[in-house]
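Trainee: Hey, can you work out the whole structure from these sequences and the hints?
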Amino acid sequence: MKLSGEKPSALLTRRLMIQIALGVVAVIYLAPLFWMLDTSLKTERQAMTQLPSNPARALATLMIPHPLHAANYQKVISSPFFRMQLYARNTLIIALLVAIGSMLSASLVAYALTKLRWYGRNVLFWIVMGSMMLPFSVMMVPLYRIYREFGWIGTNLPLWLPTFLAPPFYVFLLRQFYLTIPNELTEAAVIDGAGPFRIWWYIMVPLTRPALLVVGLFSFVASWNNFIGPLVYLTHQRTYTLALALQFFQTRHGGVAHTLLMAATVLVVLPIIIIFFLAQKTFIRGIATTGIKG
Amino acid sequence: MSAYGRVTWRDQLIGMFFAMPFIIGVAVLLVVPLALSFYYSFCHYTMLTPPIWVGLKNYVRLLSDHAFMRSLLNTCFFSVISVPLALGWSLLLALLLNVPNRLRNVYRTIVFLPSLLPLVATAVIWRWMLSPVHGPINFLLQFPCHWVGTMLAAVAPLFHAAPSTIHSLRHLKPPLWLEDGKWAMTTIILLSLWGVGQTVIIFLAGLDEIPEELYESAALDGATGLRRLWHVTLPMLSPVIFFNLVIGIIGSWQIFDLPYVMTQGGPGRATLFYSMYLFEAGFQQLRMGAACAMAWVQLIIILILTAIAFRSAKKWVHYR
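Here the protein sequences line up with chains F and C, keeping their order. Just so we're aligned, residue 1 is where the first sequence starts under my numbering, counting upward by one. Just so we're aligned, residue 295 is where the second sequence starts under my numbering, counting upward by one.
Take these hints with a grain of salt, some might be off.
Among chain F residues calculated to face chain C with C-beta under 8 Å, some are [said to hold, decoys possible]: (1) V25; (2) L113; (3) L124; (4) P135; (5) L261.
Lysine to aspartate or glutamate pairs mimicking EDC-like chemistry, simulated, CA-CA at most 20 Å apart [stated by the list, open to error]: (6) K75(F) <-> D38(F); (7) K281(F) <-> E503(C); (8) K7(F) <-> E510(C); (9) K351(C) <-> E574(C); (10) K7(F) <-> D515(C); (11) K281(F) <-> D502(C); (12) K75(F) <-> E44(F).
Honestly, the hints are just simulated from the structure, not real lab data. Idealized CB from N, CA, C, for every residue including glycine.
Mentor: Structure follows, in structure tokens:
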């Protein structure tokens with residue numbers, strides 16, 4: 001951005017103001033994460049202690065874990081109430097299946113909506129757009145009824161199997177990407193005698209890999225974070241996902257064991273933070289695409 | 295597959311074959327549930343016994359259901375305040391994060407990251423942040439509260455304030471946030487601003503698409519600062535603002551995770567939201583028919599608001 005027609009001193013003040021504003025924003029957005037980590041390393045006694053009246057000493061008690069207490073993590077992992085490893089495995093299995101299902105089915109459908117010619121594909125596209133707007137609450141009761149008929153309540157099936165039926169948001173996202181691929185590529189393959197399935201698998205899937213990665217990441221994170229789904233469909237504690245287990249842990253022990261609760265929270269969010277740092281560019285590109293070209 | 299000309303039977307079958315996941319999905323996950331939900335909304339239905347037709351009773355009874363009305367008003371209030379607030383705040387952040395700066399990407403990461411975390415985790419962390427006795431927020435707020443209170447108490451006699459007022463000013467305390475019925479809603483609204491990272495990213499992508507020439511010609515015309523924002527940036531960004539507005543409206547009517555984990559609707563019913571009461575009626579009180587009726591009312595409200603947004607778009611959204 002050009003800042004023309006301003007005096008150097010005004011420019012300097014402006015820069016300083018922006019720096020200060022950015023600093024404040026960074027503190028607001030980081031403080032809760034810091035506080036989570038901070039509490040998770042304290043002893044319960046320190047976290048719940050009456051703060052000293054001297055502000056400096058009170059701040060030190062508040063901010064600096066003393067002694068550094070890593071045992072909270074051990075306790076959470078081996079706690080009979082919060083079976084971390086079990087919940088992590090449950091969550092991971094569901095999230096991986098959701099990612100696979102979304103990528104596979106949305107890719108097939110997006111291909112049919114953009115590169116194949118058949119009657120009804122425009123109607124289907126409008127159904128994709130319309131169903132994105134439907135609130136989950138409208139479906140909640142009847143879906144519960146249907147899944148109960150199948151005997152799926154209490155299992156993880158309702159949480160991942162439907163994603164093999166092309167979630168509309170991911171179909172839409174992939175369709176936008178398919179539209180940027182020139183038709184000449186498929187036409188050449190047709191002349192060479194390739195069938196539609198081979199064209200999809202050998203040409204389209206490799207070409208759309210960046211967008212498929214976005215779908216995989218988004219659906220994985222959405223499944224990891226999903227709360228209302230597990231809340232409705234999972235009935236036994238041993239099938240719980242991390243998000244549901246965390247809420248359960250809070251209502252049970254939140255009032256007394258803040259350090260354990262925060263250690264558990266760190267463990268729940270850590271995988272997401274790691275994935276985010278590994279694939280930050282993909283996330284940002286994916287979100288930007290949905291907003292700009294939508 | 296013939297690229298041009300008529301669609302053959304073979305083309306039709308291949309197309310439908312590839313679209314099959316979605317076609318089955320539409321049938322099983324869309325048409326059947328919608329029809330069932332619509333039917334149940336006119337029934338007394340507990341899911342344990344077969345549904346019994348009761349006509350419009352579920353809908354009529356919503357009108358005299360105080361908890362429902364409260365959840366409707368709460369959600370209205372939340373939507374009206376939080377949607378424009380979140381839109382303005384994320385636009386402000388995007389403008390700030392768009393200024394060239396060596397650490398720009400670091401700041402962008404910091405703002406974006408919280409929006410990816412599970413809302414349950416966000417709720418658990420903030421509950422502990424806002425803890426009135428042991429939390430850091432009220433610890434830090436007690437100092438400015440004390441200073442402001444003391445100052446106000448000193449000048450209050452000049453305005454003939456009652457002794458009780460002066461006394462309470464002298465002991466001015468930070469709010470109890472989630473534990474105070476008057477503050478709980480405000481707290482939830484403010485907390486929803488912590489997760490606006492994705493909206494900010496969309497705004498930043500929109501800002502990126504604005505051609506530099508527009509700013510240059512605006513500069514030639516002598517437009518700077520706020521006038522450039524008003525006459526160039528905002529009109530060029532209006533399609534993106536519109537997109538975020540629609541997403542924001544739809545999302546605000548479905549808010550569930552954050553209040554469910556933080557307050558369970560309390561204190562009293564101060565933070566009872568529409569989706570929470572719907573869930574409670576359906577899955578805790580087993581009034582599935584009533585829950586379906588609520589869901590249809592919710593869907594219609596969302597549709598009307600979206601339609602209004604699209605109507606208004608003609609007046610203020612500039613498509614290139």
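Trainee: Each hint should be assessed against the structure and marked as holding or not.
Mentor: Consistency of the hints with the structure:
The beta carbon of V25(F) is positioned within 8 Å of a beta carbon in chain C (closest approach about 7 Å), and the interface hint is therefore held. Residue-level restraint check for L113(F) holds (minimum Cβ-Cβ distance to chain C is 7 Å; threshold 8 Å). Interface hint status for L124(F): upheld, as the beta-carbon distance to the closest one in chain C is roughly 6 Å, under 8 Å. Proximity of P135(F) to chain C holds as hinted, the smallest CB-CB distance being about 5 Å (cut-off 8 Å).
This hint holds: L261(F) has a C-beta 6 Å from the nearest C-beta of chain C, less than the 8 Å allowed. Distance hint between K75(F) and D38(F) is fulfilled; the C-alpha atoms sit about 16 Å from each other, no more than 20 Å. A threshold of 20 Å between alpha carbons decides the hint, and for K281(F) with E503(C) the separation of about 18 Å falls inside it, so the pair holds. With a C-alpha separation of about 18 Å, the suggested pair K7(F) and E510(C) falls inside the 20 Å cut-off, and the hint holds.
Pair hint K351(C) plus E574(C) holds up; C-alpha atoms about 19 Å apart against a cutoff of 20 Å. The hinted pair formed by K7(F) and D515(C) meets the criterion: a straight-line CA distance of about 18 Å does not exceed 20 Å. Taking the CA atoms of K281(F) and D502(C), the gap is near 15 Å; set against the 20 Å cutoff, the hint holds. With a CA separation close to 12 Å, the supplied pair K75(F) and E44(F) stays within the 20 Å bound.
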